[in-house]
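K.L.:
Just need the whole structure built from these sequences, with the hints factored in.
Using my numbering, the first residue of the sequence shown is number 40, and each one after it goes up by one.
Hints are computed from structural coordinates only; laboratory data are not their basis.
Keep in mind that a hint or two might mislead.
For lysine-lysine, the following BS3-like pairs were computed, each having C-alpha atoms within a straight-line distance of at most 27 Å [unchecked claim]:
(1) LYS162 / LYS175
(2) LYS162 / LYS325
(3) LYS162 / LYS200
(4) LYS175 / LYS268
(5) LYS233 / LYS268
(6) LYS200 / LYS233
(7) LYS162 / LYS100
(8) LYS243 / LYS175
(9) LYS243 / LYS233
(10) LYS325 / LYS268
(11) LYS268 / LYS243
(12) LYS325 / LYS100
(13) LYS175 / LYS100
(14) LYS175 / LYS233
For clarity, every value in this text was computed on a predicted model and none was experimentally measured.
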Amino acid sequence: MNYSPRMIFLIIFLFFFSCNNTSTTATDPVINDPVDDPPAELEWQLVWSDEFDGNELDTDKWSYQLGTGTDFGLVGWGNNELQYYTDREENIFIENNMLHIVAREERFGSMNYTSARIRTENKGDWMYGRFEIRAKMPEGQGMWPAIWMLPTDEIFGGWPKSGEIDIMELVGHEPSTIHGTVHYGPDWPNNQWKGRSYTLPQGKFSDDFHVFAIEWSSNEILWFIDDVKYNTITPASLQPHNYPFNARFHLLINLAVGGNWPGRPDSTTEFPQSLIVDYVRVYQFK
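P.N.:
In structure tokens:
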């Protein structure tokens with residue numbers, strides 16, 4: 040069949056119009072469903088606590104550590120401490136919904152002082168969270184209260200390779216200052232530590248209760264006193280050493296007498312001295 044030039048032009052025009060129309064339809068913008076708002080910020084949820092509302096220490100949550108440290112291969116608990124830790128009511132008891140750990144000057148075993156030390160190992164072990172303790176400190180030369188954490192599994196080896204987290208420590212001759220620290224690195228004497236101190240603007244930590252806390256995640260540990268942040272540790276801050284704080288840790292509370300850091304009690308030290316704990320609370324994101 041013969042087509043006139045006009046007919047051929049019309050056929051070509053219609054062909055291109057059809058192709059262009061199909062392309063336009065295919066590339067029309069797609070209207071998506073509205074995007075949901077991002078989830079609300081995660082909140083801490085209480086996962087473990089001791090409010091000390093019983094008549095005696097809850098041994099489902101805590102274990103005593105007794106003696107001078109020799110049973111654990113740590114003469115003087117590794118710090119030349121001078122106390123014998125006991126589980127006697129003279130050294131540890133609950134009264135008015137508060138835990139009292141009491142250091143006394145008295146002959147016991149081979150030592151001239153007694154006190155108490157407890158831990159949650161294999162009863163409360165956590166990786167990450169907010170650890171919050173409301174407590175009132177003792178004072179006096181030679182006193183050394185501590186609220187701290189040790190690794191449960193020691194996956195990097197013995198101390199300090201697997202780490203130590205000191206939520207708070209106080210040495211009695213500096214009653215207005217607390218210390219938040221981590222220990223890490225190779226064996227003594229090449230062990231490493233990093234921390235900061237906080238000093239009250241007025242008064243002493245033995246005057247009243249304060250809230251000591253850390254917030255611990257995979258990439259940082261933050262220290263707080265009465266919700267004021269005063270210290271931060273990250274993996275980068277420990278380089279070139281290993282960051283051992285992505286593992287399970289447990290809590291310890293003790294009141295030591297003497298040792299390398301605080302020194303010996305002297306004639307100014309009054310006994311008995313007490314570390315009083317209102318509560319211990321552990322929060323995690325859920």
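K.L.:
Give a verdict on every hint.
P.N.:
Here's how the hints hold up against the structure:
1. LYS162 / LYS175: Distance ~25 Å between LYS162 and LYS175 Cα, so the pair holds.
2. LYS162 / LYS325: Given that 27 Å is the threshold and the Cα spacing comes to 21 Å, the pair holds.
3. LYS162 / LYS200: 23 Å, holds
4. LYS175 / LYS268: 19 Å, holds
5. LYS233 / LYS268: At roughly 16 Å apart (the allowed maximum being 27 Å), LYS268 and LYS233 satisfy the hint.
6. LYS200 / LYS233: The given pair, whose Cα atoms are some 14 Å apart, holds under the 27 Å limit.
7. LYS162 / LYS100: 5 Å, holds
8. LYS243 / LYS175: This hinted pair holds, its Cα atoms lying about 10 Å apart.
9. LYS243 / LYS233: Satisfied, since the Cα-Cα distance of roughly 24 Å is no more than 27 Å.
10. LYS325 / LYS268: 23 Å, holds
11. LYS268 / LYS243: This hinted pair holds, its Cα atoms lying about 19 Å apart.
12. LYS325 / LYS100: 22 Å, holds
13. LYS175 / LYS100: 21 Å, holds
14. LYS175 / LYS233: 25 Å, holds
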